[in-house]
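Based on the sequences and whatever the hints tell you, model everything.
Residue numbers (my numbering), protein chains in the order written: chain H, 1 to 292; chain R, 1 to 325; chain Z, 1 to 489.
Hint data in this document are derived by calculation from the structure and do not stem from the laboratory. It is possible that part of the hints are untrue.
Computed cross-link-like contacts, DSS-like style, restricted to lysine-lysine with a CA-CA straight-line distance of at most 25 Å [unchecked claim]:
id: 1; chain 1: R; residue 1: K60; chain 2: R; residue 2: K270
id: 2; chain 1: H; residue 1: K111; chain 2: H; residue 2: K10
id: 3; chain 1: R; residue 1: K310; chain 2: R; residue 2: K56
id: 4; chain 1: H; residue 1: K284; chain 2: Z; residue 2: K436
id: 5; chain 1: H; residue 1: K13; chain 2: H; residue 2: K53
id: 6; chain 1: Z; residue 1: K97; chain 2: R; residue 2: K270
id: 7; chain 1: Z; residue 1: K436; chain 2: R; residue 2: K56
id: 8; chain 1: R; residue 1: K60; chain 2: Z; residue 2: K338
id: 9; chain 1: Z; residue 1: K436; chain 2: R; residue 2: K29
id: 10; chain 1: R; residue 1: K310; chain 2: Z; residue 2: K338
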Amino acid sequence: MPDERLAVRKTYKLFIGGAFPRSESGRSYPVHGPIAGKRGRSLLAFAAQGSRKDARDAVKAARGAFGGWSGATAYNRGQVLYRVAEVLEGRAAQFAAEVAAAEGVSQASAKAQVSAAIDRWVWYAGWPDKVAQVAGASNQVAGPYLNVSTPEPTGVVAILAPAAPSLLGLVSVLAPVIATGNTAVLAASQAHPLPAITLAEVLATSDVPGGVVNILTGDQAELAPVLAGHMDVDAIDLTGADADSAAELTRLAADNLKRVFRGGGDDWLANPGTRRLLDFVEIKTVWHPAGS
Amino acid sequence: MGIDSVTQPAAAQWTGAVADVATSDVALKQLLHGLPGVDEVGVRDRVAGLATRSIKNDAKMTALDLAIRMVDLTTLEGADTPGKVRAMSAKARRPDPQDPAVPPVAAVCVYPDLVEVAKREVRGSPVVVASVATAFPSGRASLAVKLADTRDAVAAWADEVDMVIDRGAFLSGRYGQVFSEIRAVREACGPAHLKVILETGELATLDNVARASWLAMLAGADFIKTSTGKVSPASTPPVAQVMLSAVRDYELAAGRQVGVKVAGGIRTAKDAIRYLVLVNETAGPRWLTPDRFRIGASSLLNDLLMQRSKLLTGQYAGPDYFTID
Amino acid sequence: MTSTPARALEDIADWAYAPAPQATDVVRISPENGLFINGEFAPAADGRQFATVNPATEAPLAQVAEAGQADVDRAVAAATAAYELVWRPMPGAERAKYLYRIARIIQERAREFAVLESLDNGKPIRESRDVDVPLAAAHFFYYAGWADKLEYAGLGPAPRPLGVAGQVIPWNFPLLMAAWKLAPALAAGNTCVLKPAETTPLTALLLAEVCQQAGLPPGVVNVLTGDGAAGAALVAHPGVSKVAFTGSTEVGKAIARTVAGTGKKLTLELGGKAANIVFDDAPVDQAVEGIVGGIFFNQGHVCCAGSRLLVQESVAEPVLDRLRRRVETLRLGDPLDKNTDIGAINSRVQLDKIRELSQAGEQEGAERWSPPCQLPERGFWFPPTIFTGVSQSHRIAREEIFGPVLSVLTFRTPEEAVAKANNTPYGLSAGIWTDKGSRILWLSRRLRAGVVWANTFNKFDPASPFGGYRESGYGREGGRHGLAAYLDA
Numbered sequence: 001m002p003d004e005r006l007a008v009r010k011t012y013k014l015f016i017g018g019a020f021p022r023s024e025s026g027r028s029y030p031v032h033g034p035i036a037g038k039r040g041r042s043l044l045a046f047a048a049q050g051s052r053k054d055a056r057d058a059v060k061a062a063r064g065a066f067g068g069w070s071g072a073t074a075y076n077r078g079q080v081l082y083r084v085a086e087v088l089e090g091r092a093a094q095f096a097a098e099v100a101a102a103e104g105v106s107q108a109s110a111k112a113q114v115s116a117a118i119d120r121w122v123w124y125a126g127w128p129d130k131v132a133q134v135a136g137a138s139n140q141v142a143g144p145y146l147n148v149s150t151p152e153p154t155g156v157v158a159i160l161a162p163a164a165p166s167l168l169g170l171v172s173v174l175a176p177v178i179a180t181g182n183t184a185v186l187a188a189s190q191a192h193p194l195p196a197i198t199l200a201e202v203l204a205t206s207d208v209p210g211g212v213v214n215i216l217t218g219d220q221a222e223l224a225p226v227l228a229g230h231m232d233v234d235a236i237d238l239t240g241a242d243a244d245s246a247a248e249l250t251r252l253a254a255d256n257l258k259r260v261f262r263g264g265g266d267d268w269l270a271n272p273g274t275r276r277l278l279d280f281v282e283i284k285t286v287w288h289p290a291g292s
Numbered sequence: 001m002g003i004d005s006v007t008q009p010a011a012a013q014w015t016g017a018v019a020d021v022a023t024s025d026v027a028l029k030q031l032l033h034g035l036p037g038v039d040e041v042g043v044r045d046r047v048a049g050l051a052t053r054s055i056k057n058d059a060k061m062t063a064l065d066l067a068i069r070m071v072d073l074t075t076l077e078g079a080d081t082p083g084k085v086r087a088m089s090a091k092a093r094r095p096d097p098q099d100p101a102v103p104p105v106a107a108v109c110v111y112p113d114l115v116e117v118a119k120r121e122v123r124g125s126p127v128v129v130a131s132v133a134t135a136f137p138s139g140r141a142s143l144a145v146k147l148a149d150t151r152d153a154v155a156a157w158a159d160e161v162d163m164v165i166d167r168g169a170f171l172s173g174r175y176g177q178v179f180s181e182i183r184a185v186r187e188a189c190g191p192a193h194l195k196v197i198l199e200t201g202e203l204a205t206l207d208n209v210a211r212a213s214w215l216a217m218l219a220g221a222d223f224i225k226t227s228t229g230k231v232s233p234a235s236t237p238p239v240a241q242v243m244l245s246a247v248r249d250y251e252l253a254a255g256r257q258v259g260v261k262v263a264g265g266i267r268t269a270k271d272a273i274r275y276l277v278l279v280n281e282t283a284g285p286r287w288l289t290p291d292r293f294r295i296g297a298s299s300l301l302n303d304l305l306m307q308r309s310k311l312l313t314g315q316y317a318g319p320d321y322f323t324i325d
Numbered sequence: 001m002t003s004t005p006a007r008a009l010e011d012i013a014d015w016a017y018a019p020a021p022q023a024t025d026v027v028r029i030s031p032e033n034g035l036f037i038n039g040e041f042a043p044a045a046d047g048r049q050f051a052t053v054n055p056a057t058e059a060p061l062a063q064v065a066e067a068g069q070a071d072v073d074r075a076v077a078a079a080t081a082a083y084e085l086v087w088r089p090m091p092g093a094e095r096a097k098y099l100y101r102i103a104r105i106i107q108e109r110a111r112e113f114a115v116l117e118s119l120d121n122g123k124p125i126r127e128s129r130d131v132d133v134p135l136a137a138a139h140f141f142y143y144a145g146w147a148d149k150l151e152y153a154g155l156g157p158a159p160r161p162l163g164v165a166g167q168v169i170p171w172n173f174p175l176l177m178a179a180w181k182l183a184p185a186l187a188a189g190n191t192c193v194l195k196p197a198e199t200t201p202l203t204a205l206l207l208a209e210v211c212q213q214a215g216l217p218p219g220v221v222n223v224l225t226g227d228g229a230a231g232a233a234l235v236a237h238p239g240v241s242k243v244a245f246t247g248s249t250e251v252g253k254a255i256a257r258t259v260a261g262t263g264k265k266l267t268l269e270l271g272g273k274a275a276n277i278v279f280d281d282a283p284v285d286q287a288v289e290g291i292v293g294g295i296f297f298n299q300g301h302v303c304c305a306g307s308r309l310l311v312q313e314s315v316a317e318p319v320l321d322r323l324r325r326r327v328e329t330l331r332l333g334d335p336l337d338k339n340t341d342i343g344a345i346n347s348r349v350q351l352d353k354i355r356e357l358s359q360a361g362e363q364e365g366a367e368r369w370s371p372p373c374q375l376p377e378r379g380f381w382f383p384p385t386i387f388t389g390v391s392q393s394h395r396i397a398r399e400e401i402f403g404p405v406l407s408v409l410t411f412r413t414p415e416e417a418v419a420k421a422n423n424t425p426y427g428l429s430a431g432i433w434t435d436k437g438s439r440i441l442w443l444s445r446r447l448r449a450g451v452v453w454a455n456t457f458n459k460f461d462p463a464s465p466f467g468g469y470r471e472s473g474y475g476r477e478g479g480r481h482g483l484a485a486y487l488d489a
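Structure below.
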């Protein structure tokens with residue numbers, strides 16, 4: 001009789017429209033830890049292998065959620081994001097364990113990454129009601145007009161998450177997109193999908209409306225062209241793609257002139273700046289005459 | 001507390017003025033478009049403020065009883081049968097068989113071909129029979145058909161007629177047509193009282209709600225009503241607020257009190273009491289009577305009964321203690 | 001038209017709202033309250049105390065320590081040490097987290113704060129619950145987000161805090177004014193010594209308790225309860241690098257003289273005599289709400305109150321008729337009743353001022369009107385009052401009354417409205433009511449006021465800068481601009 005209690009293993013499903021469905025294709029794949037042992041690399045769990053139809057469903061959910069999320073007050077979005085940070089903090093130990101297992105790093109290193117990820121999320125929670133003050137403007141035109149420029153969210157943004165760091169990288173590409181009111185379809189890295197789904201569990205319990213964030217696990221390289229070519233996706237973040245794929249994906253994105261963000265080479269620990277925040281907004285300028 | 005003074009020309013002069021205005025689309029448009037604008041955010045703010053009123057204890061009891069007395073218990077389904085109307089009418093007369101102190105509702109509201117059944121079932125009680133008419137709910141039929149529909153209801157002795165305005169005509173600016181149709185239905189009603197349904201969900205803006213309210217009142221409505229209940233959104237507090245302001249202003253201008261009926265989507269006692277607060281603080285306390293304010297509803301009645309029971313017994317009631325019809 | 005149906009007139013319901021008192025047992029008021037210095041509550045050095053009363057009943061609520069010079073010295077020393085050793089060196093992201101904690105705890109203890117504010121200040125519970133407390137929490141949330149983003153505030157790549165901020169606040173929005181002062185100062189990296197008003201110390205002390213609960217390092221926030229002398233001592237203290245004051249123009253000028261030549265940075269938020277301008281094409285029902293809210297919200301104890309109604313002459317009568325009918329529905333009474341619209345005047349001193357100026361209004365020939373109003377026997381009360389036939393030269397058109405008294409003047413053209421609105425040494429706020437967008441913008445360019453409300457009034461948000469022109473003060477609070485006061489760019 002084994003001394004150790006047998007664990008109840010978690011099943012990792014997709015996160016679409018606020019719910020956790022399996023892939024419509026029925027596929028899943030084993031996720032292994034990086035350290036080779038006597039019987040090969042350890043099996044961490046099975047993750048759903050998302051298909052093009054799942055991607056389609058995710059985009060639909062994201063589009064459906066866009067009106068409500070972009071129409072919410074910036075204050076409200078900030079409150080929701082801060083709540084996410086609170087719940088993340090509560091689950092810090094669980095995330096550290098997952099990150100350590102996924103990346104094969106030490107507990108201490110994993111803990112540091114998780115802390116950085118939570119702090120990064122808090123940083124973004126403070127942005128929604130300030131973006132317009134930093135990126136907007138009242139423009140002094142040569143005539144009796146009020147002329148005001150405001151940043152508005154571009155719409156549905158597809159994101160290819162980086163493989164590492166598995167949580168910090170994920171948070172760093174996702175938070176700036178939704179802070180300004182966009183909704184997201186995020187394709188997790190194939191090698192390290194599990195923190196993404198655990199993050200989805202946090203989002204599902206933090207007042208984030210269903211559909212604002214959708215997460216697909218599986219073969220990122222298989223899903224990427226589907227998202228890059230989808231005509232109802234307004235922008236795409238290619239951070240997780242390698243250089244060759246990035247070029248092809250950019251060509252596909254041109255079909256509806258998606259805004260393409262080519263990340264990569266990020267120092268994930270450094271101050272992110274406002275680039276990721278401002279690349280997914282449109283500047284709207286309104287004129288109004290001033291006359292008695 | 002209330003101001004009863006008529007600050008505008010007396011009713012007779014007013015009628016004359018209306019007759020002039022009624023003759024042309026242009027004149028009607030000038031009058032309606034000359035009404036003060038309605039700021040939507042301001043209306044929502046006012047409504048939100050009034051929603052914080054805390055109605056407790058005997059004030060709540062008064063409100064619940066009043067709301068019950070103001071209900072037009074309604075069934076307007078394709079599948080309606082005499083049996084359904086019979087059951088609903090029994091509930092209208094005696095909402096709570098366990099408690100005879102519960103007052104009857106104001107009216108039952110049915111399609112014209114079921115008025116006869118309803119009249120029979122409410123005979124001997126204060127409950128009156130309201131009938132929808134004029135190709136309810138869409139209003140998309142010829143005037144002849146709409147008037148025939150009305151006459152059927154009146155011939156069956158309906159006490160009240162709930163007509164729909166032609167929203168297509170309204171939204172395309174044919175105010176004269178809307179006006180004359182209401183006039184014609186008003187005549188066809190004879191002794192029956194006329195409620196004019198504006199279908200505010202289709203009018204979309206509060207400015208349109210204000211204009212349609214005035215149009216209906218000028219054309220002779222006894223009540224202006226928000227919705228058919230078949231279109232979403234149906235009644236909302238901001239819409240009711242605008243209509244209650246309109247009836248208040250109309251009385252000051254023309255010396256005649258018009259009632260307001262809210263219908264559709266009012267499911268809880270809490271909602272109903274919020275509307276009563278709007279009535280009380282917008283049109284004024286003289287509208288706190290079933291003669292001037294009605295609530296078209298079906299499931300609301302049981303929630304009113306449950307809240308009433310909680311006030312009396314101190315305990316939360318369950319739905320099984322009240323009849324479904 | 002048909003005649004009315006057959007139901008009897010007795011059918012009209014007699015519906016009076018029953019009393020709906022907010023339970024006060026949610027808050028525990030200590031009979032004696034100390035100063036909050038260096039993270040702890042302690043009596044004043046000389047042991048002096050004073051009473052704070054409930055203005056609705058005149059009953060004393062608690063004894064509160066009265067800060068003397070020694071206490072001011074100790075508080076500034078604690079704030080200085082905390083600034084040099086703890087707060088300034090701390091990364092902005094960590095400062096942010098303390099401010100987020102404070103915001104959250106205010107939200108958790110919202111009911112206590114609201115009840116306490118209404119008890120100590122006299123304002124209706126509906127306002128403290130729905131306006132004061134949520135806005136106070138929101139200010140902390142908003143500025144928490146700036147603490148680690150100062151380089152994006154448009155004040156240079158590395159703006160630096162100033163040091164110890166000495167902050168003196170008024171009695172009209174005690175908790176909210178504390179939040180307006182503390183949140184940006186702390187976010188920018190300064191430490192604070194806050195002096196709440198003499199008649200309303202309690203929510204500031206509860207806020208100090210919240211700082212303790214948030215784990216805020218000792219000395220970062222200090223609260224000195226006391227009178228005007230304590231405030232003067234704080235402002236004059238050489239260890240204070242930055243002074244922020246909200247209150248009367250008279251005291252503001254005195255402070256400006258005091259700090260002159262000392263190198264201290266100063267911001268002032270003072271009085272006003274705002275014009276609320278209603279045109280003939282205004283959305284009239286909403287304009288009436290805006291007039292009512294503009295002068296009767298918070299019993300008119302609002303620096304930016306719309307205390308002058310400038311109504312276009314062609315619509316003056318109908319607007320005033322509607323206004324009077326609406327004012328008759330206002331409910332004056334127990335601030336702790338959830339249905340009360342108008343609460344108590346904050347103090348006997350203020351009540352006397354309001355009475356004196358109202359009397360002047362009558363003597364100078366304006367016509368006075370109030371709805372019939374049952375004033376409670378105990379407490380400080382004044383009914384909503386409207387003066388018509390007012391001219392620019394009347395005292396009630398020029399001097400800030402700071403009470404529920406509206407002065408009504410008329411105008412004929414937009415130019416005349418602007419001229420009359422600007423014809424005052426003040427310049428805090430203004431209101432414009434019209435359906436025409438271009439007119440709003442034309443007017444707002446010409447009105448010399450720091451805040452212009454168009455088709456709305458008395459709206460506040462932590463993201464929106466607030467502050468006045470000329471004798472209404474200088475500097476802005478709220479928004480990105482609100483950081484400037486607390487940084488050396």
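The hints, checked one at a time:
1. R/K60 to R/K270: Distance ~10 Å between R/K60 and R/K270 Cα, so the pair holds.
2. H/K111 to H/K10: holds (21 Å)
3. R/K310 to R/K56: Holds - the C-alpha atoms of R/K56 and R/K310 are around 12 Å apart, at most 25 Å.
4. H/K284 to Z/K436: holds (22 Å)
5. H/K13 to H/K53: Within the cut-off at roughly 15 Å; holds.
6. Z/K97 to R/K270: violated (40 Å)
7. Z/K436 to R/K56: Given that 25 Å is the threshold and the Cα spacing comes to 43 Å, the pair is violated.
8. R/K60 to Z/K338: holds (14 Å)
9. Z/K436 to R/K29: Status holds; Cα separation ~19 Å.
10. R/K310 to Z/K338: holds (22 Å)
When held up to the earlier numbered hints, the structure conflicts with 6, 7 and fits the remainder.
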